[in-house]
Amino acid sequence: MEQTTMTSDSILELKHIHKTFDDKTIIDDLSFQIQKNEFITLLGPSGCGKTTTLRIIGGFEKPDSGQVLFHGTDITNYPPEKRELNTVFQSYSLFPHMNVEDNIAFGLRLKKKSKAYIRDRISYALRLVNLEGFEKRRPVSLSGGQQQRIAIARAVVNEPKILLLDEPLGALDLKLRQEMQHELIRLKNELGITFIYVTHDQEEALTMSDRIIVMNQGIIQQVGNPVDIYNEPQNAFVADFIGESNIIDGIMVRDRLVTIGGVAFPCVDEGFSPNQLVDVVIRPEDVELVEPENGLTTGIVRDIVFKGVHYEIQVDSQIGISFLVQTTQAFSVGTSVGIRVIPDNIHIMNKPISSDEQIIDKDA
Amino acid sequence: MVKKLFSRLYVGLIILFLYAPIAVLIVLSFNDSKSRVVWGGFTTRWYSEVFSNSTILSAFATTIALALLSALIASVIGTLAALGIDRMRRKQYQVVMFFTNIPLLNADIVTGIALMLWFVRFLPLGFTSLLLAHVTFNIPYVILCVLPKLRQMDVNLYEAARDLGANSRTAFFKITFPFILPGVLSGFFLAVTMSMDDFVITYFTKGAGVNTLSTMIYGEIRKGIKPEMYALSTILFLIILLLLILMNIVPRLKNREQTASAVRDF
Amino acid sequence: MNRKLLAAPYLVWVAGFIIIPLLFILGKALTTADGGFTLQNIAAIASPIHRKALLLSLQLALLCTVICVLLAYPLALIVRSSKLNQQSIVMFILILPMWMNFILRILALQMLLSNNGILNMILSRFSIAPLEIINTPAAIVFGMVYDFLPYMILPVMNSILSIDNNLIAAARDLGANGFHVFWKVIFPLSLPGVASGITMVFVPAMTAFVISDILGGGKIQLLGNVIEQEFSVSMDWNLGSGLSVALMLFILATSLLLGRGQNQSDRGRLLW
Chain A
2 MEQTTMTSDS ILELKHIHKT FDDKTIIDDL SFQIQKNEFI TLLGPSGCGK
52 TTTLRIIGGF EKPDSGQVLF HGTDITNYPP EKRELNTVFQ SYSLFPHMNV
102 EDNIAFGLRL KKKSKAYIRD RISYALRLVN LEGFEKRRPV SLSGGQQQRI
152 AIARAVVNEP KILLLDEPLG ALDLKLRQEM QHELIRLKNE LGITFIYVTH
202 DQEEALTMSD RIIVMNQGII QQVGNPVDIY NEPQNAFVAD FIGESNIIDG
252 IMVRDRLVTI GGVAFPCVDE GFSPNQLVDV VIRPEDVELV EPENGLTTGI
302 VRDIVFKGVH YEIQVDSQIG ISFLVQTTQA FSVGTSVGIR VIPDNIHIMN
352 KPISSDEQII DKDA
Chain B
427 MVKKLFSRLY VGLIILFLYA PIAVLIVLSF NDSKSRVVWG GFTTRWYSEV
477 FSNSTILSAF ATTIALALLS ALIASVIGTL AALGIDRMRR KQYQVVMFFT
527 NIPLLNADIV TGIALMLWFV RFLPLGFTSL LLAHVTFNIP YVILCVLPKL
577 RQMDVNLYEA ARDLGANSRT AFFKITFPFI LPGVLSGFFL AVTMSMDDFV
627 ITYFTKGAGV NTLSTMIYGE IRKGIKPEMY ALSTILFLII LLLLILMNIV
677 PRLKNREQTA SAVRDF
Chain C
68 MNRKLLAAPY LVWVAGFIII PLLFILGKAL TTADGGFTLQ NIAAIASPIH
118 RKALLLSLQL ALLCTVICVL LAYPLALIVR SSKLNQQSIV MFILILPMWM
168 NFILRILALQ MLLSNNGILN MILSRFSIAP LEIINTPAAI VFGMVYDFLP
218 YMILPVMNSI LSIDNNLIAA ARDLGANGFH VFWKVIFPLS LPGVASGITM
268 VFVPAMTAFV ISDILGGGKI QLLGNVIEQE FSVSMDWNLG SGLSVALMLF
318 ILATSLLLGR GQNQSDRGRL LW
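Chains as they are written, first to last, in this note's numbering: chain A, 2 to 365; chain B, 427 to 692; chain C, 68 to 339.
It is possible that part of the hints are untrue.
For lysine-lysine, the following PhoX-like pairs were computed, each having C-alpha atoms within a straight-line distance of at most 20 Å [to be verified]:
| hint | chain 1 | residue 1 | chain 2 | residue 2 |
| --- | --- | --- | --- | --- |
| 1 | A | K113 | A | K83 |
| 2 | B | K575 | C | K71 |
| 3 | B | K575 | B | K600 |
| 4 | A | K176 | A | K308 |
| 5 | B | K649 | C | K286 |
| 6 | A | K114 | A | K83 |
| 7 | A | K137 | A | K116 |
| 8 | C | K286 | B | K517 |
| 9 | B | K649 | B | K460 |
Keep in mind the hints are simulated off the structure, nothing from the lab.
Could you build the full structure based on these sequences and the hints that come with them?
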């Protein structure tokens with residue numbers, strides 16, 4: 002796991018957080034740091050502990066042990082109203098008995114801000130989310146996307162140091178979701194504050210984040226920027242969860258050489274013990290289909306599906322493994338092809354010792 | 427901690443308040459004295475004597491017959507009405523619901539007198555007039571129990587059944603009806619309860635010859651209540667207690683088993 | 068087939084047993100014994116005796132309603148804060164007493180409250196002076212609260228339990244402490260339930276006559292008693308109908324007022 006070092010820019014730090022519900026461990030010794038102005042995403046399948054982590058940061062849950070530090074101050078036992086951060090809830094949670102204006106003003110009125118100030122902030126916030134003129138509308142009369150924007154406006158008028166977002170785009174349709182992703186990036190840049198975003202959608206995470214924390218079963222699997230997470234997954238779970246992957250059993254014969262089903266594939270990884278059993282991860286777009294005589298092994302095209310930009314092809318290889326391949330070239334079913342992967346695109350990983358493997362099997 | 431203790435105490439006091447009179451009545455059913463204020467020792471004789479008291483038994487029979495019959499008729503008419511109301515446009519819906527709310531919101535004494543004034547025009551007051559009155563105030567309860575179920579139901583369920591080859595009749599009995607059945611049953615049960623508990627409307631619409639348990643007890647207040655009445659009420663109360671416990675606990679246990687096995691399967 | 072037609076039997080029933088009877092009581096109220104038109108029967112509500120009964124009924128019904136709200140509201144809050152969702156058990160506890168005959172229960176209450184009754188026996192054990200509550204308006208209010216409390220608890224609890232926990236989390240997130248959460252979120256959102264509880268308690272309390280008969284010792288005349296006696300003793304059906312219609316109009320006016328109040332409090336900004 003990547004080691005983070007304490008820097009002066011760290012705004013939030015979680016230290017050794019543990020949380021159980023009914024004897025079930027939800028979060029197990031979780032530690033990470035978040036820098037100022039970062040867009041950080043907690044990514045993982047449902048039940049991985051990401052929402053609980055967010056709720057602990059927001060103050061809605063107390064960890065069984067561990068600390069939450071805000072600018073170095075321990076806020077673990079602060080109630081939500083005493084924390085300088087605001088949340089955008091998954092279900093928006095707009096107050097149904099108040100109109101848009103009263104919803105947005107809720108936090109400011111509690112802080113006893115002046116009427117003029119509140120009026121200014123409301124119109125600023127509505128401009129920010131492109132909903133000018135909605136002051137008197139009731140939440141029930143708004144569409145999902147509009148409610149979503151109001152929920153964001155209601156949170157940001159309070160000028161939180163950190164904005165927590167709990168799967169805020171989950172209920173929206175695909176097109177709206179993509180629009181909102183860009184809106185959120187714009188918002189973050191305009192506001193210049195830290196965003197902590199929770200999602201199970203890997204595409205969303207890759208699009209928006211500065212840094213992604215991949216979680217599974219209450220444990221951090223990998224921390225890194227989107228490019229690293231995608232290109233250099235640290236274990237089979239991450240590889241499988243982020244994008245699509247061929248995850249294949251292999252034997253590391255020696256440094257820079259792995260065999261799959263008895264066929265040798267040159268690679269770039271070193272430092273495994275001789276003949277160690279490993280997971281070999283190959284992205285579908287990294288598998289090259291060539292003339293049969295040019296391949297490291299050969300196979301037969303079983304299935305081809307057009308996906309817009311590329312074709313997705315299933316190839317049953319001679320070595321008994323079915324490869325998922327993405328390519329812009331079409332092949333007809335039944336064609337014999339050669340299979341090749343350049344050494345840089347073969348990622349070798351230790352087999353997981355935890356029960357992560359089961360989860361992968363289930364998903365697959 | 428203190429707060430929790432206070433909460434417990436508060437809930438306890440409310441329950442005590444609601445159940446203390448019932449406890450008194452149960453104690454009285456074992457009292458070997460005709461007086462309400464003197465404890466004459468423990469006896470179970472009222473429990474055997476109640477079964478040979480023909481006036482009480484006939485009032486009991488009237489009460490039960492009235493409750494079951496009126497609830498049954500109300501359930502049929504009310505369920506059909508809910509199915510129809512569910513398809514009505516907003517304006518029609520509001521008009522019908524306005525009239526549905528009248529028996530619920532109007533004072534019982536006004537409803538009872540109004541029905542009585544109308545009944546005496548065309549039929550002698552008796553069991554029939556009672557039945558008509560009870561059906562009238564029971565239908566709204568059934569409608570209010572069934573309508574939400576219909577509103578919850580996904581229209582596509584019915585359409586899926588039609589799509590898979592069911593005719594409208596089969597689709598209704600295989601899909602719609604099972605879905606709203608819990609609503610119909612709770613409406614029926616509520617109607618039985620309301621009918622059994624009613625005094626005021628019964629009092630005005632019953633006529634001279636007929637008595638339910640309520641009106642009979644009301645007539646006896648000055649003369650003194652027969653202790654058999656306490657015994658009968660206690661039996662009735664315990665039967666319902668048992669029924670309600672079974673209805674509430676059994677499904678819950680089943681649920682728990684299902685979740686437990688689901689967890690194991692996982 | 069048009070499914071709306073299924074409502075036809077009910078619509079016939081509404082016409083035959085809801086609308087026509089109301090026309091009949093109105094007709095009786097507006098006529099004299101020999102059939103001439105009069106407003107006397109309805110105006111009789113303003114005569115000194117009837118006015119006294121009306122005012123006393125109003126007083127006791129209001130008191131009963133207020134006490135029911137004060138008892139039911141904390142109960143609903145307690146049930147909400149207890150982690151388990153115990154709503155079905157609470158329903159069960161509330162509905163069960165209805166299966167013990169209503170008049171018997173009021174009689175038992177009379178035994179509990181009477182001067183040498185059980186309550187006073189317990190009080191004397193602790194050397195507390197006996198309460199002389201029976202046959203007073205206080206006893207009648209006690210009986211009304213006892214009988215009608217479930218009708219308040221159910222709607223109030225319904226509205227309070229259905230408030231989404233996320234709304235409360237959202238309020239805290241925006242800086243609200245426990246006090247603010249109550250006044251700005253829970254209280255306004257519970258008002259519709261309180262309003263329907265009030266109508267469900269106020270109307271029967273306003274028109275009660277059995278409770279006042281038993282616990283008031285027959286000496287305290289509420290409007291319900293007056294109307295009942297016009298039918299059972301004086302046999303002046305026209306006057307009885309007139310008073311009933313007056314009572315109905317009075318209740319209608321009160322609930323319209325209440326309905327307007329409800330709409331206003333519904334507007335969250337008034338609370339700020």
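Verification of the supplied hints:
1. A:K113 with A:K83: Holds, because 15 Å separates the two Cα atoms, which is no more than 20 Å.
2. B:K575 with C:K71: 17 Å, holds
3. B:K575 with B:K600: Answer holds: K575 of chain B to K600 of chain B is near 16 Å, not above 20 Å.
4. A:K176 with A:K308: 18 Å, holds
5. B:K649 with C:K286: 18 Å, holds
6. A:K114 with A:K83: 17 Å, holds
7. A:K137 with A:K116: 16 Å, holds
8. C:K286 with B:K517: Between K286 of chain C and K517 of chain B the Cα gap is close to 48 Å, so the pair fails against 20 Å, i.e. violated.
9. B:K649 with B:K460: 11 Å, holds
This entry does not satisfy hint 8, going by the numbered hints stated previously; all others are met.
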